[in-house]
Each structure stands twice: as C-alpha cells, then as structure tokens.
Amino acid sequence: MTPDPIQEQNSPLMPTPSVEPAAAQQSDMTMLATLTPEMLSACLTRELRDATPEDAAIPERDDAVAIFRRHLGRYQADIRNRFERHELKGAGAAKKIAVFTDVMVRAIVDLAVRATIGAGIVESGVLPSFAIAATGGYGRGLLAPFSDIDLLFLVAEESAERAHPLIEYVLYFLWDLGVKVGHATRTINECIEEAKKDTTVRTALLDARLLAGDSALFATFEARYILACVDAGAAGFIHDKRRERLERHRRFGDSPYLVEPNIKEGRGGLRDLQTLYWMCRNTFGTRHVKDLLAPEFIWMGLLTEQEAARARRSWDFLWTVRLHLHYVAGRTEERLTFDMQPVIGARMGYTRHGRQNGVERFMRHYFLTAREVMRLTHVLEPAVLRQAQGPVANAAKPDEAMRQAGFTLLDGQILPDRGVSFDQEPIKMMQILDWARVRRRPLHPLARHQLIRWERRATSLRDNPEASRIFLDLLCGDESVVEQKPRRRPTTAAVPSVVEESGLSYYGEYPPAGHAHWLHILNETGIFGRLIPDWARIVGQMQFDTYHVFTVDEHTIEAVRILDEVASGRMADEIPIAYELVKGLHSKRALYMSVLLHDVAKGRGGDHSEIGAEIAAELCPRLGMSGEETETVSWLVLHHLLLSHTAFQRDIDDPKTILDVADIVQSPERLRLLLLLTIVDMRAVSSRVWNAWKATLLRELYVRVAEVLAGGLATTERDVRVRHAKEITADILTEEGVPQKDIERFLGLGYAGYWLSFDYETHRRHARLIRAADAKDAPLTVEVLPLPARGVTEVTIYTVDVPGLFSKIAGALALAGASIVDARIHTMTHGMALDTFWIQDTSGQAYEETHKLARLASLIEQGLSGHIDISEEIARAGFGHMPMRMRAIHVPPRVVIDNGISNTYTVIEINGRDRPGLLHDVTAAMSRENLQIASAHITTYGVRAVDVFYVKDLFGLKITDKKRLEEIRERLLAGLKEAEAEASACADARYSA
Numbered sequence: 000m001t002p003d004p005i006q007e008q009n010s011p012l013m014p015t016p017s018v019e020p021a022a023a024q025q026s027d028m029t030m031l032a033t034l035t036p037e038m039l040s041a042c043l044t045r046e047l048r049d050a051t052p053e054d055a056a057i058p059e060r061d062d063a064v065a066i067f068r069r070h071l072g073r074y075q076a077d078i079r080n081r082f083e084r085h086e087l088k089g090a091g092a093a094k095k096i097a098v099f100t101d102v103m104v105r106a107i108v109d110l111a112v113r114a115t116i117g118a119g120i121v122e123s124g125v126l127p128s129f130a131i132a133a134t135g136g137y138g139r140g141l142l143a144p145f146s147d148i149d150l151l152f153l154v155a156e157e158s159a160e161r162a163h164p165l166i167e168y169v170l171y172f173l174w175d176l177g178v179k180v181g182h183a184t185r186t187i188n189e190c191i192e193e194a195k196k197d198t199t200v201r202t203a204l205l206d207a208r209l210l211a212g213d214s215a216l217f218a219t220f221e222a223r224y225i226l227a228c229v230d231a232g233a234a235g236f237i238h239d240k241r242r243e244r245l246e247r248h249r250r251f252g253d254s255p256y257l258v259e260p261n262i263k264e265g266r267g268g269l270r271d272l273q274t275l276y277w278m279c280r281n282t283f284g285t286r287h288v289k290d291l292l293a294p295e296f297i298w299m300g301l302l303t304e305q306e307a308a309r310a311r312r313s314w315d316f317l318w319t320v321r322l323h324l325h326y327v328a329g330r331t332e333e334r335l336t337f338d339m340q341p342v343i344g345a346r347m348g349y350t351r352h353g354r355q356n357g358v359e360r361f362m363r364h365y366f367l368t369a370r371e372v373m374r375l376t377h378v379l380e381p382a383v384l385r386q387a388q389g390p391v392a393n394a395a396k397p398d399e400a401m402r403q404a405g406f407t408l409l410d411g412q413i414l415p416d417r418g419v420s421f422d423q424e425p426i427k428m429m430q431i432l433d434w435a436r437v438r439r440r441p442l443h444p445l446a447r448h449q450l451i452r453w454e455r456r457a458t459s460l461r462d463n464p465e466a467s468r469i470f471l472d473l474l475c476g477d478e479s480v481v482e483q484k485p486r487r488r489p490t491t492a493a494v495p496s497v498v499e500e501s502g503l504s505y506y507g508e509y510p511p512a513g514h515a516h517w518l519h520i521l522n523e524t525g526i527f528g529r530l531i532p533d534w535a536r537i538v539g540q541m542q543f544d545t546y547h548v549f550t551v552d553e554h555t556i557e558a559v560r561i562l563d564e565v566a567s568g569r570m571a572d573e574i575p576i577a578y579e580l581v582k583g584l585h586s587k588r589a590l591y592m593s594v595l596l597h598d599v600a601k602g603r604g605g606d607h608s609e610i611g612a613e614i615a616a617e618l619c620p621r622l623g624m625s626g627e628e629t630e631t632v633s634w635l636v637l638h639h640l641l642l643s644h645t646a647f648q649r650d651i652d653d654p655k656t657i658l659d660v661a662d663i664v665q666s667p668e669r670l671r672l673l674l675l676l677t678i679v680d681m682r683a684v685s686s687r688v689w690n691a692w693k694a695t696l697l698r699e700l701y702v703r704v705a706e707v708l709a710g711g712l713a714t715t716e717r718d719v720r721v722r723h724a725k726e727i728t729a730d731i732l733t734e735e736g737v738p739q740k741d742i743e744r745f746l747g748l749g750y751a752g753y754w755l756s757f758d759y760e761t762h763r764r765h766a767r768l769i770r771a772a773d774a775k776d777a778p779l780t781v782e783v784l785p786l787p788a789r790g791v792t793e794v795t796i797y798t799v800d801v802p803g804l805f806s807k808i809a810g811a812l813a814l815a816g817a818s819i820v821d822a823r824i825h826t827m828t829h830g831m832a833l834d835t836f837w838i839q840d841t842s843g844q845a846y847e848e849t850h851k852l853a854r855l856a857s858l859i860e861q862g863l864s865g866h867i868d869i870s871e872e873i874a875r876a877g878f879g880h881m882p883m884r885m886r887a888i889h890v891p892p893r894v895v896i897d898n899g900i901s902n903t904y905t906v907i908e909i910n911g912r913d914r915p916g917l918l919h920d921v922t923a924a925m926s927r928e929n930l931q932i933a934s935a936h937i938t939t940y941g942v943r944a945v946d947v948f949y950v951k952d953l954f955g956l957k958i959t960d961k962k963r964l965e966e967i968r969e970r971l972l973a974g975l976k977e978a979e980a981e982a983s984a985c986a987d988a989r990y991s992a
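Residues 0 to 992 (numbering that gives the first Met the number 0) are what the sequence shown spells out, left to right.
Wrong hints could be hidden among the right ones.
[Claimed, not checked] No more than 25 Å apart at the CA atoms, straight line, and that leaves these computed lysine to aspartate or glutamate pairs for DMTMM-like:
#1 K582 <-> E627
#2 K240 <-> E221
#3 K601 <-> E259
#4 K94 <-> E83
#5 K587 <-> D572
#6 K740 <-> D773
These are calculated hints, taken from the structure and not from any lab test.
Whole structure, please, built from the sequences with the hints as guidance.
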C-alpha cells in the first residue's frame, strides 16, 4: 500500500496556463520549494502535456527525460535540504524519497504505456495484464538517497510478450535518468518457484508493493504468495535468514563494536533490525518494521514500553546516520570510516564535552545504539523461534535446589520463578547468572527482559559479598560439566541442524563455554556498568585511531576470551609460549582481573596505566580479593605496556635495557603474569597486530629478563659473554674447515656489541659472507634470507661504511614496498659496514618468493651503487598518497631524546604518520646531523609510526651536551614536519587529479 502523501503547510496554488512563461517559471520554483507528491504529479503531467507535439501522443524522448531529470533533482535537493536543516529525521527522509520515487515511476509507466501500446488503448482501458511492484527496501517504503530501486514486473502468462516493450521502455528511461535499478520480470508461478529456491527472492517478495498496473493481478499474486509461504512453513525461512545473518556478520565484522562499522550490514546495524522484521513477518504476519515497535507486541509481552521506545530511537538514529553517509560521500556508502566519522558527527551536532571530543561522543552513541539492536534481537528472536518451531521436547526440568533458589526452566532456559522480583531482590540478578553458568543453561528471553529492566538496581550490589563472589566466578571461575543436551521436537519442515552446520544455536541450546560469554551478558544488559561505575565510562568508548579495531569495552572482553583460549590450550599453536606459561600459573584471579582492568581508565586524560592502577587498588578489595592479589593486579595494570614498549622500541641487546626491566619486575611470577597480559592485550587488538616477529622479540626479552632474575647476568659478565660467543663461533668455523688465519681475522673484526647482537648461526653466516666478499674484493654484498618462522626476512648488507648508508638502504627497501621492523648497524674494525635489517611485506609477513627476494637485492645494489637516485624515485613513486579515511587521523610529529635509557648510546624516539619513505627521510636528517646509528627499532600502531634509534656522535661517543641535544631535536622535528607537509601536498595533488 502506498504511504499517505506528506502534507505541506502554506502550499501555493497551481499556476494557470494563462500565466506568462517567466511568471510560470517563478511560480514553479516557489511551489517546488515546498514540494508534495501531489504537486510533483501535477507538475509532471502539465509539463509533459505542454511538451507533447499536437500530432503526437507523448513528448520527444529527450524532452521527456529532461523534464523528469529536472524534477528528480529538485525533489532530491528539497529532501536533502530539509534533512540537513533537521526538519526530517533519517527514516522520515527515506520515506519521502520513496514516496516521490513512486510518483516518478508511475509517471514513467504511464508514459511507457502511451509510447508502446498507444493512447487510444490507454483511454479505452484495454491493457495487457501486467503490474509493476516495488520490492525489497523500496517495497517497504524506504529509500536511501543513492540506493537502488528494486522493481518486479509481474506479467500474466498470456500477455508476457506484449508487456516486454513496455518493460524495456521503463528500464531504459530510468537508466537514462541515472537511477540504479534492480529488476525482475516474472509470472506469478515463476515468482513462487523462485522464492522456493532462493531465500533472497522470498525475502524481497515479502515486501512487494503495487506501484502501477493491474491491481487484480497483483492481488492474486499476494494471495497465492502468502499461501505458498504458509505451506513452506516459517522454520526453514528462519533457518535460512539466521544462516544468512551469520555469514553476513562474518563478512562485515562479527562484533558490533568495530571502530569502522558497516551501519547497514554489520552486527547491530539496520540489516539486523530488518532480519527481525522478516522473521516476524513470516511468523506473526508483521507488515512493516514499525510494527515491531507497535503496542500489539507490547501487549503480547514480547517488548516492554521502554524497549520499544529505545528500538524506535535506534531505527531513526541508524537511518539518520545512513542518509548523512550517502549525502557526504555522494554515492552509496554504508561504512562509517574514520574520515566520515568527524564529518557526520559534526553534522548531527556532536561537539566536544569535557575530555571527549565530538567524534568520540558520536561514535559512542552509535555503539550504544548497536547494543540496543542486539538487545532487541535477544528478546524477539527466541519468541519467533518458539512460535515457528514449538517448544523443546524432553526439555530439562528444574530440580528442587533450583526451585528453592527462586529459578525455574522453560524450554530448557533459566528464568525467575513466579513471585521472584529483581526489583525487590537485586541479588537474584547475579544469582541467576551464577545458576546459568554452573548448570550451563541459557537465559530465557524473559530473564533478559528483567535483567535489562532492573539493571539500575544492581547499584545496590556494589558492596555485596555474594555479588562480588559471583562476579569473580563469572570472570574467572572454573568451567562446569555440560549436562546431556535435550532433544527437540520434530518440526513440520525438514530443517538441517543449524548448530552443526553454521555454529548458530537455537533457543534451547547451551551457552558457549568461556568467561567472555558472561561478561558480554553483564555488559549488554547494563549490569556491568552498574556494579563497576568505572566500567560504564568505557562502554562504547572508541579510540580514534587505525590501530585499535574494537571499542575499549569490547577489546577488554575479547582479551578475556583470548586468555580463556590460551588457558585451555586452543591457541597453543599460535601462541606456544603463552600456553607454556599459563600451565604453571599461581595467580589466576589476579591475571584475569588485570586483563579486565588494564584499559579501564582509557579516555580520562593522563596516563591510563597510572589511573587504572589506582582504580584497581580501590576496586579489588571491594570485590573480595586479598591484599596480595590487589597489589599484583594494581602492579600489572600500571606496567601492562612495559614489555611491549621495551621489546619493540628498545635495544634488548643492550644489558642496561634488560637490567632496567628486571629491576621493575623483580619476581619471576610477575614476569610470567606480565608477559601473558601483554600477549592477550596485543592479540585482542586485532589478529593482524600479533605476528611471529613480535612473538620472537617478546620471547627473547622474557628469556633474558628471566635469566637476570635467576641471577644469570650481570654487567661485569659482558666480557665473559663476548669471549664465549667468539669461542663457540671459532669452534663452528673450525669444524667447517675454515683456515685458522681467516677465523682469527673474523674474530678480530667485530666490536663487543656485534658479538652480543647475534646468535652463533648468524655469526657463522656472516663469516662466510665476509670471506666470500673479501676474496672477490666486492665493494657491495647483499644477502637476503627468509625467516618465515619469525615472520620476517633478514637482509644483510656488507659494504664500505659511508655517511647516509642507513638512509639509502631504507629508501631502497621502501621502493620495494618493504617495511623495516628492526635493524642492527655495525661498523667493523676495518671500516666496512655489516648492517642487518629485518623486514616484512605489506601484510606483515616474510618475503619468500624468489622474484621478490631478487628485486629486494637488486634495488639495494642499485641504490647504494648510485645507479638510481633514491630520493627522486621515492618522490616519483608518490608515496604521499594515502587513503582519505587514514588522513582523517591526526598524528602530530614528535621527537624525544633520552640519555637515561642506555649507558653508551643516546636514544632518539621519532613519532609521526607512517608512510613509505618515512624512515629514509628521518635517517637522512640524522646523517646530516652527523649521527651514527647503531640500531633502529620500528613499530607501527595503525597510521602512527614510532621509530627508535640508538645513536652516537661522529666520534663514536654518547651525546651529552644539552644545547647540542636540543639542536638535534629541533632540526629533526622541523625536517619531520617539512616531509609530512610535502607528503600531504603530494596526496592532495593526486586526489585533485
């Protein structure tokens, strides 16, 4: 049924034919400023009539297209203006677009009939039996500005051939207007057959709405289609829609808390609400999405008034965001990317409030809205399933103990017994979760209803010992034994097992194992934030960068899930060191609590580690943790970035680095806990963040610090370790038959730092490389070795040491598309440089293909031999190009110089926007300052690069003069800003082109 026309106030009268042309045009413009569907229809009729020659039935095609295109642009502009002036909400604007599109399509159909069948037949009313219907979203009366319009051309068997010219005319006319059309031409029988074979077709036809043509034919189609759906049964359709949703979530993101969500297809988005509508449409006969929120569903007990109101707001909010996305992008765009977020947030009126800027407030509103959509799904879907499939056969019954606790089972799901009120007894909210966990029973949707409704009463449980005990059990308690699964009563339709085939669970199935499941329930119902107010502050809290994939609360719960996986051994292959550590752990509760609280102070300003440690020190005793556990949790939260910061941004071959970490840690147990916390924290950011190279660095750091804590390293032993490394290398080379004089020469080439930087196998390879190069008097030797187990490729360069060597190598590697993750720079005693770089490709993996390895070596040789100008090639390659969504993230350049980190080196830390060629620019600037680089440690966090260099001056000494240090810092910072400006200008030029 066509939506009612939208009435406008103060609508001007239609102009009469006697008005002069200029006056008529002015009157038209006034009228279109307050356009209604009736006015649009009248305007089109009059202008098409005026443009029609006296001896023709319709205007010339070009004239007709121009008339329609003009009015199409005008009503779209009118709706956009009213939407952007906040006169219309998103769903309201989408309805208006659909209503005006209806008018356009009907006018085009009328024109097509006159063009292909003839005006005389039209006036006589004898037409071929056909109908044109809107389907899909357009059928529901909602259209986004740049969405396709889906049309069904319904034809009778006997008039199919006669209708084809008319259908072609309509389609070509719409395409000439630039309208994207999804279309199908079918008879009634074909519609029913296609719907049986394809759930997508069945779904689209559910919303079919007559636009023009034979109403009797369309009514016949509706009646037969409804009967066909009833005969097919709802169970199979629901099964297919749930499977489709599962696959869609996997494709667009399994979490609703992704920081760049797809608002249409992602979890918690518009499509999830529409899926609920389709399920209800099949089961209850719901006609429109708004019916989900109507009083009838409240009376049926499916939704509370509060939930219905929140669902309406969610629907409008998501549509409003979607329309802004389309208008800003100027095309169909459903992903809320980083560059779109601040623009749309500002358009919707979100501004800075306290420490939270406008874009963060906007995105938090979005994530809370996605949570509401998930809540609605949890509430409505089980009711739909029960209606479609019937109750569980042989479902478990509550025992006496459960009854006495105040709970019962319905369809195998736990819910409060009659007379139990969460309002009167808030502790029952925690107890029902405890019983569900222990008995491995899912929560009944009515129980979720009650938890959501009375979540505010959980504030009274903050100092309740039983509530604290249950909370800790939900966080880290032992998993229970699963009872025997109930069998289901057979359904009328043969439906394959969703659980077995797709991982979905029906309403009578057991909840998934793992503590993260219960934390999700606490978070989604709102109880979590009521129990722990500090948690409420991070719910939906996003971090406006490209490093973090989830909001803070979702990242934290994901970290708990990863810890569960590690503890159970299910990630032993991916993170073997973590599995070995967790097996002998003594402080399980402290570890889980530190994972829960490590980011709890994000978004408050200041150091979130320090603030988080204070929160932990106050919260843990209230939750019933001992003084020792509280101290451990607080310490872990305070230092949760220590190991990653040290492993990725410091030289772990420097003894002082290891000793400094050992001095902070002091305990082997704390070291194990800290490493586990570091691993699960990184892995929970994104699977792409964790890789073999980072695992290698953390493992090496852990082993060396553990050695110190066991009393195995002291600075006085440095010479002993160097001597031991030389002795082992000499033995290996002797066994290989290397002459003694060559062995002695090689042992005399490296300074102490060299012998402590590599293992014995690498020393052996270096000896072979140097012997071969010296035998040929080769000025340059490049060796490339893939190390897939460590996730890197090792590049070794042996050449004459000259100023700017590091910069040239970095530039050549940038041209090859490689990212440097670590580097060791060694000048040997005879003046040759032996530099080692560990690199990865753009996907964070090692280079292994032969042709890529050859290209790497070739580019380095050409760059160092002067055959190519590195700086010129980098500029020509246009590395300033960066996707707009990444450029939205502001990364201010920063240079920090620290002389306290190392006893022998000055450490320079460079922060800036990551881009190919950045390392080349930075090291070239260092070369101009006459700095010698001993090692470099490169880490990226999304678009932010953190490059740390251990340097000395031209004379090989640590730089101590404060004036000189400040001079270096200012020049490096100026160079960094200049390079960033050039890259941005290059990017702007490319976008303009």
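Unsatisfied constraints (hint numbers, rising): none
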